[in-house]
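Asker: The task is simple: from the sequences and hints, build the whole structure.
Quick note, the sequences are listed as chains A, B, C, D, E and F, same order. If you want my numbering, it's the 1-based position in the first sequence plus 78. If you want my numbering, it's the 1-based position in the second sequence plus 78. If you want my numbering, it's the 1-based position in the third sequence plus 78. If you want my numbering, it's the 1-based position in the fourth sequence plus 78. If you want my numbering, it's the 1-based position in the fifth sequence plus 78. If you want my numbering, it's the 1-based position in the sixth sequence plus 78.
Worth flagging that the hints you see were computed from the coordinates, not collected in a lab. Keep in mind it's a predicted model, so treat the numbers as computed, not measured. Don't take each hint at face value.
When chains are identical, the list treats them as one kind, so a pair holds in a single copy or across two.
[As the list claims (entries may be wrong)] Below, a list of computed lysine-lysine pairs in the BS3-like style, where the Cα atoms sit at most 30 Å apart:
| id | residue 1 | residue 2 |
| --- | --- | --- |
| 1 | LYS131 | LYS159 |
| 2 | LYS230 | LYS184 |
| 3 | LYS131 | LYS227 |
| 4 | LYS131 | LYS226 |
There are 6 protein chains.
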Amino acid sequence: MSRIDGRTPQQLRPVTIERGWSKHAEGSVLVSYGDTRVLCTATVTEGVPRWRKGSGEGWVTAEYAMLPRATNTRGDRESVKGRIGGRTHEISRLIGRSLRAVIDYKALGENTVVLDCDVLQADGGTRTAAITGAYVALADAVAWAQGKKLIKAGRQPLTGTVSAVSVGIVDGVPLLDLRYEEDVRAETDMNVVCTGDGRFVEVQGTAEAAPFARAELDALLDLAVAGCTELAALQRAALAAER
Amino acid sequence: MSRIDGRTPQQLRPVTIERGWSKHAEGSVLVSYGDTRVLCTATVTEGVPRWRKGSGEGWVTAEYAMLPRATNTRGDRESVKGRIGGRTHEISRLIGRSLRAVIDYKALGENTVVLDCDVLQADGGTRTAAITGAYVALADAVAWAQGKKLIKAGRQPLTGTVSAVSVGIVDGVPLLDLRYEEDVRAETDMNVVCTGDGRFVEVQGTAEAAPFARAELDALLDLAVAGCTELAALQRAALAAER
Amino acid sequence: MSRIDGRTPQQLRPVTIERGWSKHAEGSVLVSYGDTRVLCTATVTEGVPRWRKGSGEGWVTAEYAMLPRATNTRGDRESVKGRIGGRTHEISRLIGRSLRAVIDYKALGENTVVLDCDVLQADGGTRTAAITGAYVALADAVAWAQGKKLIKAGRQPLTGTVSAVSVGIVDGVPLLDLRYEEDVRAETDMNVVCTGDGRFVEVQGTAEAAPFARAELDALLDLAVAGCTELAALQRAALAAER
Amino acid sequence: MSRIDGRTPQQLRPVTIERGWSKHAEGSVLVSYGDTRVLCTATVTEGVPRWRKGSGEGWVTAEYAMLPRATNTRGDRESVKGRIGGRTHEISRLIGRSLRAVIDYKALGENTVVLDCDVLQADGGTRTAAITGAYVALADAVAWAQGKKLIKAGRQPLTGTVSAVSVGIVDGVPLLDLRYEEDVRAETDMNVVCTGDGRFVEVQGTAEAAPFARAELDALLDLAVAGCTELAALQRAALAAER
Amino acid sequence: MSRIDGRTPQQLRPVTIERGWSKHAEGSVLVSYGDTRVLCTATVTEGVPRWRKGSGEGWVTAEYAMLPRATNTRGDRESVKGRIGGRTHEISRLIGRSLRAVIDYKALGENTVVLDCDVLQADGGTRTAAITGAYVALADAVAWAQGKKLIKAGRQPLTGTVSAVSVGIVDGVPLLDLRYEEDVRAETDMNVVCTGDGRFVEVQGTAEAAPFARAELDALLDLAVAGCTELAALQRAALAAER
Amino acid sequence: MSRIDGRTPQQLRPVTIERGWSKHAEGSVLVSYGDTRVLCTATVTEGVPRWRKGSGEGWVTAEYAMLPRATNTRGDRESVKGRIGGRTHEISRLIGRSLRAVIDYKALGENTVVLDCDVLQADGGTRTAAITGAYVALADAVAWAQGKKLIKAGRQPLTGTVSAVSVGIVDGVPLLDLRYEEDVRAETDMNVVCTGDGRFVEVQGTAEAAPFARAELDALLDLAVAGCTELAALQRAALAAER
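Answerer: So, in C-alpha cells, the structure goes:
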C-alpha cells in the first residue's frame, strides 16, 4: 500500500524543529510535521500559582490554540465566541500533563513555565507536534532560567525528554503520523506520548468507526513507540545544535 | 495486599443500576459504583442539529456535570463561573463518543438523544459510572422511541452495549475500579471503555507519577476488559428486569 | 371539589425529609413534596466573604439550580449557556434571605454556610421544598460546626425554624401546596415563608391571570400559615430522629 | 413621629411624571418619587418572540438597570462585568409581570412593547417608580400604535392601570414610600403593585430584621393600597394632559 | 447651502452644560449638543489601580454607554448581550485618553476619578459631547477633592481644558458639529479633541465614502479648532457660574 | 540624530511581504516591518451577513489578534479571559474600514472576505503592518475568487491599494515607522492609512505626553504620506512577483 504522500506505514513526515523563532520568549520553537506547523513559546515567570505558594515547587502549564485559518475552512475565534471549546481545553490539558511528566518540581523551584502552542497551519497531528516542539522550547527556557540563576546551581528540572505522535488504522493498515486526510478516514485513532526511553506518558485511543481489538491496539502501540523514539533523536539533535 | 475497602485488586465495588429513577425522562438511571452515584437521564427529541438535517441520520450527545458538593470540598458552580471547565468538557465528550460507538445513526433516524450525567456523589470513577449508567438510560430511551414509532419498525439503533471502568497502578499493584483515595495515590491511571464483546471503544491512560512500561499497560488492559465484561452482565440483568 | 391527586384544598402532599443523604456535606437532606425532590447540602467553611471580615459575624447564602431533565421537557444547562437566568437568581436569593431570617450572625461567628439546593425532579413548589429542606441541612451543619468547636460553646446561631409552602387560587378555590398542573392553572400564586411560630419571613404573591382582592389574599395567607406550621412539625420530627 | 423629610407616615414623596422625555421612543416618561428619578421608554416593534408567533397575541416585557453612579457609591457596570446581577433580573421580571397584568394580548395583536427603565438617580423605591412610570410610557406607546394602525381599530390592549409603592416598618411604625435612609433601617420591607381599582398585582414582603406578624402585614397592605390609589390618580392626570 | 436645521457650516448646535445634575456624584453634568444629551458623572475614590500603587500618581478613566432607546431604533443592552461592543470600547478609551491629556498625575496624588458618560438621547456627536461634558464634571470633582483635602493644598491636577467636536464633508462642504442625519451622509468624518489653547489631543479622521485629500483634511481641522475654541468658552462660562 | 537601529527619521524599517505563506487560505501573507511579524490570511466565502443579503453587494471584514508571547511579557489570551479587549476591537475595526475603503461592493458581488491578522511577533507598528499585509492577501483572495468565477468576469472589486504606517514625535523629532522602544517614548503618536495615490483613508493621532500643535501635525502627515507611498511600491512589487 502506498500512502497519499508516498510514505511507508512506519514512516514519519519530514519533521523540522527550528529553535529561537521569537526574540521575546525564553524558549521558542517552530515545529513542523509535514505541513503541520506549530509555534511553541515558553514563558518563564518567577513565582507559582497561589495554591502552590510556599511549597518550594514549580509549575508547568500549557495553552493550545489554532489560528482561525490554520485549517481548510475558517473557524471562528474562541475569543470572539467568548468561550473555549472542549477540544481546545482537552488538548491544552494533554500538553501540560505530558510536559509535567518529565519535570522535577523541586528542582524547578518556585518558577512557572507556560508553554503556548499556536497552530499556524494544520494538517493532522497538531497536538503531537505541539508536544514535541513544546518540549524543546521548555528545555531552552529551563536553560535560560539556569543562566539567570532562577534555578539553583546543580539542579536539573528535566528528568527526561518527551515526544508524541499519532497512529491510526486506515483501511485495516496501522499507520504512523497521520495527515489530515488519513485522520478523517481512520477507523481508529490514537495519540501516544512517550519519554525518550520508550515508556508511556499518555495513551489516548478512540474508536472512530468501529471498536478495536487488542491485537490492533498492540500494533498501534508498537508503531507509536518507534515513532516517538525517532522524534526523541530529532529533539536531541535540535538541542545539540548551536543556536 | 488488602485494599481500603477489603476488595481484591480484581474486584469491582458493589454496582447498582436503578432504572426509571425520574418520572419525566424517556430513560433514567441512578447508577452507583460504591459511593459514587450518578443520575443519568436520556432525553429524546425529534429532529437533529442543523448540520445533520436531511441526512436521515440521528445524533447522540452527552453532558456531564457535578453537583457542587458531590465532592469532599465544595466546588464552585460552572453556571456561576459563567464557563465550563476543561475537565467537564473532556468528560462530556468522552461519554458522547462512547455511546455513539454503539449507535447505528441510520436506524435511529432523524432523532436526537441527549444523555445528562449528573454526579450526585463522587468517590472516584464518576466518568466510568456515567458511561455504564448512560448506556442503560439510552437503551430505555431507544425502547421508548420505538414504542412511540419515532424509530421505524424493525430498526435497532443499538449495535451493542458499552460500559467503562477505571484501572490504575497503586504501590506497584494494578487495581480495578479505583476509589477516590486510590485514584489520588495511583502512579498510573487509565479509563477504559469496552463493548460487551470485549473490544475497545476508548483507552485513556495517563502517567500520574511516573511514565509506565508496556508490561504495566498490558496488565491494566487485562484488568479493565475483565471489569467491563462484568459490568456488561450487570447492564443486561438490569435491562432484563421488569421496571 | 376534588384535586388531581385526591387531596383536600387544605392538604399538603406527602412530605419526606431524608437527612444524611450525602457522605461529604456537613448537612444534607433529600426533601420531597410529592414528586418534587430537592437535594439540599450545607457546606461549612471557616471565614467569611471579604466585605464581612473582622466583623465577628458569619454569613449564610444559598444557590438553587435544576438538573436539565428535572422537568417535563429538557432545559439547557445554565453552565452551557454561560449565564444564570433570572428565575434561578431570584430563587437563590429568596432561599438565602429566608434562612438568614433565623440566623444570629454573632453566634455563628466568622463562619460561612452555603446551602446548595439542586432540584432532581420538579412537580411544582421546588423553591418552597428547597427552603424547608435547606433549613434541616442547615441545622445539621450548625450542629456539626458546634461539634468541631467552630462555634463557641453555648452559642446557638439558630433563632428559630423556617419552612415554606406555595398557595394559589385555582378555579376560584384557594389551594395549599400546588402541584405543577395546578400551578399553571392558578389565577393567583403565592409563596409564603414562615417561622415555626407562625410569623412571616417572605410573602410573594403574583396575579397570574387576574388581579386579586384583599379577601383572596387573606384566605391564601391563612392556608399558608397552617401549611407552614405542619411543615415545621415535620422538620422537628426529622431533626429529632437518630441519623 | 416626624420622618427625615417631614412627611407623615401615610404621605408619598412629591411625584412627577414627565411625558415625552425622549424624541425617539414611542412612549417615554421621566418619573420621580422625590430624588428617585427613572427614565422609562417604551419601544414598539411589530412581531413577537418566536415562541409566540402565529398566536395572534402580543407581548410586553421590561428591562431595568441603574446608571453606575445613580447611587451614593459607584457600582460597576453589568456590561463590564459581563453578567446581569440577581437584583437586576428580579426587578426586570417584576416590572414585566406587573405591566402584563393589565394587558389584553389579543387586543394588542402580534406586537411587542419593551419597557426600558433606567434609574438615573436612586433614593429608594426605584422599582416602584419604574412601574408607575412605565405604565404611562406604555399607555403612550399603545396610543402611538393605535395611531399607526398596528392595533386594530376599536381594540384596547390596556385593561386597567397599574402603579406601585413601597411600604415598610421603621422603628415599629408602618411608613409609605420609603426613602433610601428609611429603607435600610426598615425591619420589614414590602413592595406592592396595585391596579387602579385597588386590587393586587404583586405583593412582595420581606422580613429584613425580624419576622413580621399578620397584624403588621395588614397595616402595610392598607398603607400601600392607599398610596397606589393616589399614584393612579397622578397617572390619570399625566395622561389627560396635553403633551 | 442651508443645513437641515438652518445652521451655517461653521455653526455649532445650541450647547448647554448643566452642572450638579446628580446629588450623589462628586461632579455631574448633563451636556447637550442640540438633541444629543449625555449625562456625565465623575466619581472620586481614594487609591489607584494595583499597577499604579505606590507611584504617588493618580488615574483618570472613563466609561461610555448608550441607553437602549437613546437612538431611533432600540439597541440591545450590552449587559444582556454579556459583552461590550467594539464601538463602546473605542469611545470609552478615547474619552479617557482625552481627559488624561490635561491631568498632572502627580498633583492628583493617589486618587482615581472615573467619568461615566451615559447617552440619554443620541443625535450625532455623542462622543464629542461626552468629552466636553466630562471635562466639566472632572473639574467639579477635582474641586470637590481639593475641598476634602484628598489633593494637597496648592496642587492643581488640571493642566488645561479639553473639548471636542465632530466635523465632516457632506456634499463636498466641510461642516461643523454633525447631526445624525448629516453624519450618515458624510463622505469623510472626523472627531477632533483640542485643548483650550487650540492644540490637538486627538485627531481621528475616517474616509466613509471616499479617501480624502490633504486640502480637505486641512479645511476640516480649521473648522474643528474654531469649534473647540467656542466650546472651551462655554465650559469656562459654565464653571464660572454659581451652582 | 541617530535612531536606535541607525535609521534616518524618514526611513522605514526593512519591510518584507511573503505571499502564499499558508496552503489553506485564499490569500496569505507574512508581512514584517523589522521585527514586527504579522500573518495575514484572507478567507473568501460565498454569501454575505444576513443584514446584507439580497443587496447584490459583498462585504470585507477583519480580525486582529496577538499571540500571547508576541510581546516582551506574556499577555493572557482573550479566549481564556472570555472577552476581547478594547485595543483588539479598535484595531480590528480600523483594519476592516481601511480595506473597505478600496472595495467596490457591487463588483465584489455577494461574497465575503475575512482578513485575519495575527501578530506572531510585535515590535511596534503591528496595526500598520497588518493593514499593509492584509491588502496584499486581499488582492490574492480577489484574484482567486475571479479565477473561481465567484466574481463576474470583467469586474474589479479593488478600486485602489491601501497601506499604513506609524509616525510620531520623539524628543521633538518627527520619525517614520516607530519601533516599540520609540513608540513608548513618543510625545505624539499617529497611525496613517493612505491609498496608493496618496489620499487619506484614516488619520489617528494621539497626544501621548503633550498636546501637539498644527505644525507638528503637518510634519507628521508629510512623513506618513511619503512612507505609505514607499509601502505601496513594495506591495505592487510583491504582487507582481511570481508566487
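Asker: Evaluate each hint against the coordinates.
Answerer: For each hint, the structure was consulted:
For the homomeric pair LYS131 and LYS159, the shortest alpha-carbon distance between copies (23 Å) is at most 30 Å, but the shortest distance inside one copy (33 Å) is not. Taking identical chains as interchangeable, the C-alpha atoms of LYS230 and LYS184 lie at most 30 Å apart only when both belong to the same chain, with a minimum of 10 Å there against 41 Å between chains. In the homo-oligomer, the alpha carbons of LYS131 and LYS227 lie at most 30 Å apart both inside one protomer (19 Å) and across protomers (29 Å), since each shortest distance falls under that limit. Taking the closest pair of Cα atoms, LYS131 and LYS226 come within 30 Å of each other both inside a single copy (21 Å) and across two copies (28 Å).
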